[in-house]
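Chains as they are written, first to last, in my numbering: chain B, 1 to 425; chain X, 1 to 326.
Simulated from the structure, these hints should not be mistaken for lab results.
The reader is advised that the hints may include incorrect statements.
Stated by the list, open to error - For the chain X half of the interface with chain B, some residues (derived, Cβ under 7 Å), not all of them: (1) A2; (2) H109; (3) S110; (4) G111; (5) L112; (6) M115; (7) A131; (8) H132; (9) Y195.
Unchecked claim - Label-pair restraints from in silico Cβ distances: (10) Y195(X) with G145(B): 44 to 54 Å; (11) E267(B) with Q96(X): 39 to 49 Å; (12) A208(X) with F346(B): 20 to 30 Å; (13) G304(X) with R115(B): 43 to 53 Å; (14) N74(X) with E137(B): 54 to 64 Å; (15) T55(X) with F346(B): 54 to 64 Å; (16) W212(X) with F313(B): 41 to 51 Å; (17) P264(X) with R216(B): 42 to 52 Å; (18) F346(B) with P264(X): 49 to 59 Å; (19) T121(X) with T390(B): 23 to 33 Å; (20) Y195(X) with P188(B): 15 to 25 Å; (21) V229(X) with H268(B): 21 to 31 Å.
Values in this document were obtained by computation on a predicted structure and should not be read as measured data.
Don't be surprised by glycine CBs; every beta carbon is placed ideally from N, CA and C.
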Amino acid sequence: MILLQNARIASENSPTLLESDVLIAEGKIQDMGSKLAIPEGARVIDARGRILMPGMFDAHVHFRAPGFENKETITTGSEAAINGGVTGVVMMPNTRPALDSASAVDAVLENARHRARIPVYTSGCVTKNREGKELAEIEGMRELGVKMLTDDGDTTADPAVLLRAMQYATEFGMFFASHCEVPELAGPRALNEGVMSYRLGIKGSPACAEEIIIDRDIRLARAAGAHVHIQHVSSKLGMETIRWWKSRGDVKVTAEVAPHHLLFTDEHIGDYDTNYKMNPPLRTQADCDALLEGLKEGVFDLIATDHAPHTPFEKAQDFVSAPNGITGLDTALVSLYHHFVEPGKFDWDLVVKRYSAESRRLMGLPVAAIEVGQPADCLLFDTEAETTFTKDFMKSKSQNTPFIDQTLKGRVDMVILGTEVLLER
Amino acid sequence: MARKDLLDIASLHREEIEFLLDQSTSFKKLFTRSVKKIPALEGKSVLMLFYEASTRTHSSFEVAAKRLSAEVTNFNVDHSSITKGESVRETIETLQAMRTDYIVVRHSHSGLPGMIARQTTAAVINAGDGAHEHPTQALLDAFTIKEKFPDPRGKKVLIIGDILHSRVARSTSTLLQKLGVEVAYLGPGSLVPKYVPATIPRFTDYEAAMAWGPDVVYLLRVQLERQDVQFFPSVREYHRVYGITNTRLAEISDRGLYIMHPGPVNRGVELCDAVMDYERSLITNQVENGISVRMAVLDWLTPGGDFPRQESYVAPQRANSTVIMP
Numbered sequence: 001m002i003l004l005q006n007a008r009i010a011s012e013n014s015p016t017l018l019e020s021d022v023l024i025a026e027g028k029i030q031d032m033g034s035k036l037a038i039p040e041g042a043r044v045i046d047a048r049g050r051i052l053m054p055g056m057f058d059a060h061v062h063f064r065a066p067g068f069e070n071k072e073t074i075t076t077g078s079e080a081a082i083n084g085g086v087t088g089v090v091m092m093p094n095t096r097p098a099l100d101s102a103s104a105v106d107a108v109l110e111n112a113r114h115r116a117r118i119p120v121y122t123s124g125c126v127t128k129n130r131e132g133k134e135l136a137e138i139e140g141m142r143e144l145g146v147k148m149l150t151d152d153g154d155t156t157a158d159p160a161v162l163l164r165a166m167q168y169a170t171e172f173g174m175f176f177a178s179h180c181e182v183p184e185l186a187g188p189r190a191l192n193e194g195v196m197s198y199r200l201g202i203k204g205s206p207a208c209a210e211e212i213i214i215d216r217d218i219r220l221a222r223a224a225g226a227h228v229h230i231q232h233v234s235s236k237l238g239m240e241t242i243r244w245w246k247s248r249g250d251v252k253v254t255a256e257v258a259p260h261h262l263l264f265t266d267e268h269i270g271d272y273d274t275n276y277k278m279n280p281p282l283r284t285q286a287d288c289d290a291l292l293e294g295l296k297e298g299v300f301d302l303i304a305t306d307h308a309p310h311t312p313f314e315k316a317q318d319f320v321s322a323p324n325g326i327t328g329l330d331t332a333l334v335s336l337y338h339h340f341v342e343p344g345k346f347d348w349d350l351v352v353k354r355y356s357a358e359s360r361r362l363m364g365l366p367v368a369a370i371e372v373g374q375p376a377d378c379l380l381f382d383t384e385a386e387t388t389f390t391k392d393f394m395k396s397k398s399q400n401t402p403f404i405d406q407t408l409k410g411r412v413d414m415v416i417l418g419t420e421v422l423l424e425r
Numbered sequence: 001m002a003r004k005d006l007l008d009i010a011s012l013h014r015e016e017i018e019f020l021l022d023q024s025t026s027f028k029k030l031f032t033r034s035v036k037k038i039p040a041l042e043g044k045s046v047l048m049l050f051y052e053a054s055t056r057t058h059s060s061f062e063v064a065a066k067r068l069s070a071e072v073t074n075f076n077v078d079h080s081s082i083t084k085g086e087s088v089r090e091t092i093e094t095l096q097a098m099r100t101d102y103i104v105v106r107h108s109h110s111g112l113p114g115m116i117a118r119q120t121t122a123a124v125i126n127a128g129d130g131a132h133e134h135p136t137q138a139l140l141d142a143f144t145i146k147e148k149f150p151d152p153r154g155k156k157v158l159i160i161g162d163i164l165h166s167r168v169a170r171s172t173s174t175l176l177q178k179l180g181v182e183v184a185y186l187g188p189g190s191l192v193p194k195y196v197p198a199t200i201p202r203f204t205d206y207e208a209a210m211a212w213g214p215d216v217v218y219l220l221r222v223q224l225e226r227q228d229v230q231f232f233p234s235v236r237e238y239h240r241v242y243g244i245t246n247t248r249l250a251e252i253s254d255r256g257l258y259i260m261h262p263g264p265v266n267r268g269v270e271l272c273d274a275v276m277d278y279e280r281s282l283i284t285n286q287v288e289n290g291i292s293v294r295m296a297v298l299d300w301l302t303p304g305g306d307f308p309r310q311e312s313y314v315a316p317q318r319a320n321s322t323v324i325m326p
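So that you can see chain X by itself, here it is in the shape it has in the complex:
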């Protein structure tokens, strides 16, 4: 039996992760066909419930669902009763009455997708909740890394930036560790809290972090729109101290390191312009892989019925009748 919901990486078992990554490989093979659509979710409905602005994740899920032949409905928060003061809970009750099969939700409040999952029969996919988790981002990151390192055990990924507020950092580091990848954090002291898990080395100095010997440098987006509190003095200083400057790019190139970023990139902040042309930049690969990973997740989850929270691992099965031919 598959799971009903995908809420976090923390509760995923390694076998489930391996299964989803394998499935993603199969789905990605579809992309080279002239007809990229398969009927796996025909007759199923997917509701996109995005309380926060999103381009990449939203369109990636929408494309993934449509390639599986699902009907996609976009719940437009700006035009909903939420603007009339309706609470999320009331919205959930309304959505449950509509009996949608899948809900893809993004919200600024951590834990909210779990609350929705407990109150609906729909399969709920967390597309980012506050600073908590972003599980499909983690899966696509792992998938992208595995394309370069088929056996990633022992490889090292250095995540740079705003660890404090980043759901990407939490999910991706958790998942990579489950695959045997070593992860370290680098960032300003105000954004890399002292209480991050002890299994993750914490650097505040770029040179020391590079001496740790990463294989991949993963830049987080500086969330300039959330800097209501000043965590560092200026963007210029941030770029100089923690960004990939032209000088640092040359060093990264010499070492043959890969560069990743969840997008959208703040050019001149996390990365200098030249990174976009760097041959080992995997930023575009991440976007492309997002679709196949999300197809795998949608195909795997099993909506409907009376689902308690699943704590114990159940061997995954392929949902429906998806057959991917090479």
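Chain B on its own, in the form it takes in the complex:
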């Protein structure tokens, strides 16, 4: 039993923080109010000045198991999540073997039940081995709870294949998540095409390579009557394309944006820093500004990190050879606070709505909230403390992040899920 006294509570419904005591017992929020009586045996925590909010939920992570456990495992990935205040995740299926069958999904979920302290969900492939040719056996995955289908990392190239998959799987209540990229235009290097790619002498990936597929996949979803979720949008015109389709109202489309696309531009790559190499690539300040606008407007339903661990050895190669992707789970919430909430660019309600509530709604899960009777799924955040993202701080098995060794304002102090205190600093 835990009594949090004088916490400031963030919710998705109001930018105003409600100050209250919160009593948590038997895995639920039992009582809220000012000056609650201290029950016998309760652990009392002075939460004055700190913020209590629902646990975050990340709908786009790579835990690399099976097949690439040298980069991340379900255990280390879920611990990174807890470290960053995230209490639920959705894995991408680009593992080896790819998660394209009930047996592969079953193995991952079984692994997660034994090795993760938070719920770990997974998406399944659209096509067998993510090759874009034959449909994966979708219904078997659905029986195991898979809702999201994606060939993440590889766009399903043939629109006819994707359209058929949409027509088929929509009948089972599943939706499609799209990594948007025309490979022939994007080329092999994750660098925005423009002034910076010219300066660095690396073939750039034009934003239109992403925007074409955003538009294509929404059109396909409309034709199929399917729900499509556009992943990690990086460009202004991509955001505007989604905004336009949403304004029409005749297709079910949701979209996500990653913190790194809000925060960094291709200029950050500087002297070929591979910690800024990701796909879709970092674009320009105008794109960052537009994405922030889209997030505030609600064009983006959710924030997701695309947590993509790679070993130090892989990332220590030259920029061209190094793999795409950065980790995000350890750092997302603190970086969102430091760069956006603290400077007043948006409030906590947006963070809770986009990185917790809507992410769970997308997956058809109950939304976590700090309300009497709700299951305990929350975190305590200290806005005055700082976090230094040292190698030791990170719980992810890989440390390929631009935030390495940076100190940012804000700290996740405590994470509570059900009857367990998962993290306490």
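Fit chain X to the supplied structure of chain B, relying on the hints for placement.
Below, chain X alone, put in the same frame as chain B:
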């Protein structure tokens, strides 16, 4: 203190460039002697690490190093463990253990020489990395132009061809601009991107480019081996639209313009055969000057020790005891 590495032109200061060009002039005077060798780098080792095929740059560096009395080792990529899957990083660790003094590196990946420089105590010279930089080519180009125009400020150089993929275009234009030379680009729209620096006029029409009034026309080699994607319809069309045809050579001759090319020339593509006999063609001069420029660079850099990346300018000093007598 001199620099440890020469990785790009972008970070070179004008004083450093002037110093290297002056030194090149001194070294070139050696070439008329019967004994062209001096002991400046005696006891030093130079490793040639060429992951891409090269005749001119490779042999030019090798001759330059040998004229300074350095020991030259050629790292044969085809016979190395790279063919067994060894990564560049592992190769660097091996090379560092050998304590070579200089590494001259060419690689198809942009930025790779910088990575090597950060991980070795050797002085690293970028002999061409992807479409990024080729600093000694830029220096030899500038040196060649200065031989004709001792004060090149205000002169105009028109660079024609595949700007998108050309490290020569990037390095040479950056360096020439630092010397006060005006540079413009001409080429197919698919090979002269719209986002080239705004300080460089961009032409897609030959007549308009000539109306700009260049003093030097610099043809880039069409990298036919890299045309896995078709950037222009045919070599014949390229020559007609962007090449120096016989007709255009007559006009260039009338105007007294110089012609340059980094080599090797695709005859009948960038240039018609007659250019090779054109009296103001500087193509052979470029090759000759490459040796003295590379001698100056090797002599200038200071390998060894714990070298952080040098961002700030430090007044150059002559390395070792090189004395060039006229």
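- Message: Tell me if the beta carbons of G304(X) and R115(B) are separated by a distance inside 43 to 53 Å.
- Response: holds (49 Å)
- Query: Between Y195(X) and P188(B), does the C-beta distance stay in 15 to 25 Å?
  - Reply: With Cβ atoms ~20 Å apart, the hint holds.
- Message: Quick check on the hint: L112(X) CB to chain B CB, less than 7 Å?
- Response: At about 4 Å, which falls below the 7 Å cut-off, the nearest Cβ of chain B leaves the hint on L112(X) intact, so it holds.
- Item | Restraint outcome when G111(X) is required to lie within 7 Å of chain B by C-beta distance | holds (4 Å)
- Outcome of range test on Cβ distance (Y195(X), G145(B); 44 to 54 Å): Hint holds: Cβ distance 47 Å, inside 44 to 54 Å.
- Return the status of the interface hint for Y195(X): holds when the least beta-carbon distance to chain B is below 7 Å, violated otherwise. Result: holds, 5 Å to nearest chain B Cβ.
- Task: Return the status of the interface hint for S110(X): holds when the least beta-carbon distance to chain B is below 7 Å, violated otherwise.
- Result: The hint holds - S110(X) has a Cβ within 7 Å of chain B, the shortest such distance being about 4 Å.
- Message: Checking hints one by one. Is H109(X) an interface residue toward chain B, by the C-beta closer than 7 Å rule?
- Response: holds (4 Å)
- Query: Close enough to count: is the Cβ of M115(X) nearer than 7 Å to one in chain B?
  - Reply: holds (5 Å)
- Okay, W212(X) versus F313(B) on CB: inside 41 to 51 Å? Check passed, 50 Å falls within 41 to 51 Å.
- Query: Do T121(X) and T390(B) keep their Cβ atoms within the hinted range of 23 to 33 Å?
  - Reply: Holds, since T121(X) and T390(B) (Cβ atoms, about 28 Å apart) stay within the stated range.
- Item | Per-residue hint verdict: A2(X), partner chain B, C-beta under 7 Å | violated (21 Å)
The structure fails hints 1, 11 and 12 (numbered hints given earlier, in ascending order).
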